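Q: First to last, the sequence lines map onto chains A and B. Per my numbering: the first sequence = residues 1 to 394. Per my numbering: the second sequence = residues 1 to 292.
Quick caveat, the hints were computed from the structure, so don't treat them as lab data. Fair warning: this is a prediction, and the values are worked out from it, not measured in the lab. Some hints could be false.
[What the hints assert, rightly or not] Okay, derived cross-link-like pairs now, DSS-like style, lysine-lysine, Cα gap no bigger than 25 Å in a straight line:
no., chain 1, residue 1, chain 2, residue 2
1, A, Lys168, A, Lys375
2, B, Lys262, A, Lys202
3, A, Lys202, A, Lys173
4, A, Lys193, B, Lys262
5, A, Lys143, A, Lys173
6, A, Lys255, B, Lys129
7, A, Lys302, A, Lys292
8, A, Lys63, A, Lys255
9, A, Lys63, A, Lys383
10, B, Lys262, A, Lys222
11, A, Lys222, B, Lys129
12, B, Lys119, A, Lys375
13, A, Lys302, B, Lys262
14, A, Lys168, A, Lys383
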Amino acid sequence: MRTATRIGVLVAVLVLAATVSVGVSQERGVTDTEIVIGSSQPLSGPAAFWGQGVGGGMDAYLKWINDAGGINGRKIRLVLRDDGYLPTRAVANVRELVERERVFAIVSLIGSANAFAARDYIIENQVLWITPTADANMWAGFKNKKYLFVGYPGYVDEGRILTTYAAKNEGVKSVAVFYQNDLYGQKGLLGIKRGIADTKIKLAAAVSYEGPDRDFSAHAVKLRQSGADAVILYATPTQGALIVREMAKIGFSPKLFASFTLADPVMFQLAGDAWNGIILTAYFPVPGTDPKVDAMLDTLLKINPQLRQSPFNALAGVSFLEPFVEAIRRAGPNVTRDSVVRALESMRNWNGEVIRGITFSPQRHQGLNRIYIIKSENRQYKKLTDWIEYPVGY
Amino acid sequence: MALLAQYVVGGLAVGSLYALVALGIVLLYRTSRILNFAHGDLATFGTFIAFALISAAHWPFAAASAGSLLATALVGAAFFFLVIRPAKEATLLGKIVITLGLALILQGATAVFWGTDTKTMPFPLSDTKVYRLGEVVISQISLGSFAVGLVLMAGLYVLVQRTRVGLAMRAVSQDTVAAQVLGIPVRQIFALTWGLASALGAAAGILLAPVTLLDPYMMLDPFLKGFAAAVLGGIDSMPGAAVGGLLLGMLEALFGAYVSVKFKTTLAFLIIIAVLVVRPEGLLGREYKRRV
């Protein structure tokens, strides 16, 4: 009996000691050997290609970093949660990541509506948030961005640039838009309207869809009936492919344009030949045009061959992590939120393996302000323009 | 006019698939009074079996489809024998909740076996080859799946109305105890109904796969639409389910075209509410009156 009591007391003391030593460690999610980060992605649902590409890319990239010894002796561990592209689940995931997994930072988080839903919680809890994979324009005018850093384009800027290019270089006279009726599609539409106002071409139709929609027969007829000679897509991979197939079904084959979100060659498989020749944008050098990017893609594919389906999204995942990993490197052994923020804010025109030209400062948290235009032909990308800059908003 | 016709053609093509989904729901409901919430997931599971047989085992499309219908029928019948029958003390509501559980299990299994990303189903008909009737355009795939849908509906009608097995099914649905007394093997009839309804779901799923693409959640929307179609046509009436499906597809297309494409998805639910308020038995149903 007495022995049992002694053992009990000993265990209790050990447990207490362990708790205290954890409490002493400097920062949530950081130990001497590990940094824990989290992300919520659509690993299922209509946007699953994004989540699996980006999440898979992030995971493979971190494995590569960790296998080489990590950063200053610490490995980076990614906790990935599936939100099915539903904002409510994204919020629940973020809460769980912060409160239960106690992550040091959130990296990415796909979906403008999802990021919008989660932002109050993340900002209020002062969680470091690196590059929400969401319209970058929506953070302008938003206060308390101390821990928010964005290395991703805005859909308003992108829509404007894409439309202007269509009008000036492709001879497009009237445009129809197929967009997702949430923050992602609406911001894209807003940008397209600005481009249309700049170039004096016509907006023939703006046809929206809702998240679970799968039957687009009426949408396709509406687009055809508008008489537009080009259709711009702001949709998920599944729904973008479905509308293109549906348009083909009724013999309508306009010039196609889309956000960089639909750049992956898997779209050829989903949408068929109608996808050939689509014009998109890009915000980092696409595979086949840059040796560093190609080398990184090779590395990712060696670790996870399934990423072959979605090279663009896998590399996007890397591009979200790169500035963060660099900041941890610059912060040195003392990794705290504030030391990482200082390191991020010291980046001037910084180039990673994938992302290029990232600039942050205490006044500037929109790190990226340029994109360029590409064409997707037979699963290969062709560069059509040089970098096109847009104004920095915050 | 040509434009109106184009919308109607598109609506009927998708409506015939809603009708197939609705028929599976109605068939089971008529016989067992169970609303099967796993119907959509059974259909998805069956579609993935066809997909696996084609892409991994390299079966020809027709054989793979037949194999998938059979396998899905077996899953449905097995579910009846292993779960629904042992739970015979459960209330109707309890049994409906059990089907919800089956839905979750099947959805999880599909995701585990085949992943959650979107896939394309190899299909023998082309969706870019189109036929023109004046100004109305219809693709080979829409025409083909519409035709197959009609044939399946007709076949089911003959089975239920013109065969001895169909007679037994109708007898069981009207009065289970009396049917048992008359020597009808009620258990087998129930199992057959489960199998048939599940196979019908798989057929709908295979025909829907080129329309919706293939992922574990592909039947979410078509299942809801099929359910709405069943309520619209009368949940205990097989011709009602067929009419309801075609009507819903057409109404949706026209609503999207001339009222609002934004609220097109909402229409199905508005129809459910309107039908339940104005004519709860549905267009061709009799249930409500008989029970009063």
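Q: Can you confirm whether the C-alpha distance between A:Lys302 and B:Lys262 stays at or below 25 Å?
A: With a Cα-Cα distance of about 44 Å, the restraint between A:Lys302 and B:Lys262 is violated, given a limit of 25 Å.
Q: Verify the proposed pairing of A:Lys168 with A:Lys375, using a straight-line Cα cut of 25 Å.
A: 16 Å, holds
Q: Compare the distance between the alpha carbons of A:Lys63 and A:Lys383 with 25 Å, and conclude whether the hinted pair is satisfied.
A: Roughly 31 Å between the alpha carbons, so the hint for A:Lys63 and A:Lys383 is violated.
Q: Hey, A:Lys168 versus A:Lys383, does the alpha-carbon distance stay inside 25 Å?
A: 17 Å, holds
Q: Taking only the CA atoms, is the gap from A:Lys302 to A:Lys292 under or equal to 25 Å?
A: 15 Å, holds
Q: Are the Cα atoms of A:Lys202 and A:Lys173 separated by 25 Å or less?
A: 6 Å, holds
Q: Is A:Lys222 close enough to B:Lys129, meaning Cα to Cα at most 25 Å?
A: 20 Å, holds
Q: Holds or violated: B:Lys262 with A:Lys202, Cα cutoff 25 Å?
A: Within the cut-off at roughly 22 Å; holds.
Q: Does the structure keep A:Lys255 and B:Lys129 at a Cα separation of 25 Å or less?
A: Given pair A:Lys255, B:Lys129 holds - Cα atoms ~19 Å apart, limit 25 Å.
Q: Given the hinted pair A:Lys143 and A:Lys173, is their alpha-carbon gap at most 25 Å?
A: 40 Å, violated
Q: Within 25 Å, alpha carbon to alpha carbon, are B:Lys262 and A:Lys222?
A: This hinted pair holds, its Cα atoms lying about 12 Å apart.
Q: Is A:Lys63 within 25 Å of A:Lys255, Cα to Cα?
A: Given that 25 Å is the threshold and the Cα spacing comes to 40 Å, the pair is violated.
Hint check: violations occur at hints 5, 8, 9 and 13; the rest are consistent with the structure.
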